[in-house]
Each structure stands twice: as structure tokens, then as C-alpha cells.
Amino acid sequence: MRDLLYIERLVMAALLLLLLALAPAKAQTVVFKGQIAPLEVEQKGYDTYTWELYKDSTVNFAIVDGDPMPSSYAEFVGDNAGPLVNVKWLEPGTFFFKVRAVNVAGCTMNLKIGIIKVIEAKPTAVIVSPDLMMTCIDEPTTLEVVLTGSGPWEFSYTDGTTIETVKGITDPNYQLKVNPKSTTVYWITEVKDMFESNSDDSNSVMVVVNPKPVIGKIYQWEP
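Counting along the sequence shown from 1, when you hit position 14 you're at 16 in the numbering used here, and nothing is skipped either side.
What the hints contain is simulated information worked out from the structure, not anything from laboratory work.
Check each hint, because a few of them may be wrong.
Said to hold, decoys possible - Quick list of in silico lysine-lysine cross-link-like pairs, DSS-like style, CA-CA up to 30 Å:
{"no.": "1", "residue 1": "LYS57", "residue 2": "LYS46"}
{"no.": "2", "residue 1": "LYS114", "residue 2": "LYS90"}
{"no.": "3", "residue 1": "LYS119", "residue 2": "LYS90"}
{"no.": "4", "residue 1": "LYS214", "residue 2": "LYS183"}
{"no.": "5", "residue 1": "LYS35", "residue 2": "LYS124"}
{"no.": "6", "residue 1": "LYS169", "residue 2": "LYS124"}
{"no.": "7", "residue 1": "LYS35", "residue 2": "LYS57"}
{"no.": "8", "residue 1": "LYS179", "residue 2": "LYS169"}
{"no.": "9", "residue 1": "LYS119", "residue 2": "LYS57"}
{"no.": "10", "residue 1": "LYS57", "residue 2": "LYS124"}
{"no.": "11", "residue 1": "LYS124", "residue 2": "LYS46"}
{"no.": "12", "residue 1": "LYS119", "residue 2": "LYS46"}
{"no.": "13", "residue 1": "LYS90", "residue 2": "LYS35"}
{"no.": "14", "residue 1": "LYS46", "residue 2": "LYS114"}
{"no.": "15", "residue 1": "LYS114", "residue 2": "LYS169"}
{"no.": "16", "residue 1": "LYS46", "residue 2": "LYS90"}
{"no.": "17", "residue 1": "LYS90", "residue 2": "LYS183"}
{"no.": "18", "residue 1": "LYS35", "residue 2": "LYS114"}
{"no.": "19", "residue 1": "LYS35", "residue 2": "LYS169"}
{"no.": "20", "residue 1": "LYS124", "residue 2": "LYS214"}
{"no.": "21", "residue 1": "LYS169", "residue 2": "LYS214"}
{"no.": "22", "residue 1": "LYS183", "residue 2": "LYS169"}
{"no.": "23", "residue 1": "LYS179", "residue 2": "LYS214"}
Work out the full structure: start from the sequences and follow the hints.
As C-alpha cells, this is what we get:
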């Protein structure tokens, strides 16, 4: 009976390793650098679960323990035990996880292994100027744009009619000069850094254009 149990565990370990080796790229879980992502298994009875993270792709995690991954690459948010854990991924790369199940009899098994691919976070662009700005006609005004990601950047912005693109930005705090002829709403439609692009619209800012005072006719006063 003990031999049969041993053989069963070997077969399960080999199957897990085969599934890991043959997993297509699309089966990998993809997360962004800095993202907190859950890892989960279905709770079975009174089993307890412990999760481990690795970065060495040469190890057969199904049957042996690898070297724990340094916390500079990823860290558990809270505990690493339970059917559901959360991990914050700190660096780009391809990493591996394993969850070990222990039943009430104390028997243990490497229940699940998988691959996590961490990619650079999408850049963002935020207009930090007030939501409502005032200017006078024919007087340019400046919108402050804060960028995240890895420069150099470029971004496209619009007034709802035309789209303009600014390239070669090296400072994450960019001063965007605009010169509207009438009250106009501006927002950013796309931002790119050296790794990724983000086509989500930014917040918007309205620039109210006021006319200049009208100068009336000047009359010479005569006593």
C-alpha cells in the first residue's frame, strides 16, 4: 500500500511538471510591476495551504524545493498561508509559484504550480492643474502634466477637435503650453514611455478664455 502511495505521488509530480513545461504563453498569468495580484486554490475539507515563490526555472518544483525568491522581486501582502494569498510583484520577469497542501492526517502534497509573468507597469499622465483655469484671449497658459513610468515619454492631447503629440520628454513634470482662442477643455488621450503605452484618457481641464477690456473712444476735455 505504501509503495502504491509513493508511486501515485511520483506520477502526480511528473504530471505537474509536464503541465508546467507545456503550458503555452497565453496560460501564464500576466501582471504589472507594482501590482498586487491574488493566488488562489479551492479549499478542500480541512486542508491547509502554504505558498512559495521562485525565480529559478531549472528546478522541478513539483518534487523538490527550490531556493526561495528574494523579497526584492515579490512579497506576500500578509501571510503566505491559506487558500487565497496576495502577492505584490516588484520587478519584471518570469516567476513561479507553488502551493503545498497538508491534510488533517499530516500528509502533504505539492498541489499546484504555475507561472507569473511580470511586465513593466503602464505609464500614466495626469494634468495636475486646476480643473478650471482662467486666461485672457491671445495669452498662452500652461498646464502641468505629471508622468509616471520610465522616460523618455511622449503623449498626445486633444481639445476635442484636433490631437497634438509631444515627444522626447525627459522630465516627468512637464509644462504644456496652450493658447486657446475660446473656452476649451483639454485632456490626454495616450501616453508612452520606453516600455509600454497607455491609451486611457486622462482627467480633463477646462481653460476659460476671457475677452480683454474694450477701449472706448478717448475725448479731449476742453474747459
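- prompt: Of the hints given before, which are not true for this structure?
  reply: 11, 15, 17, 20 and 21
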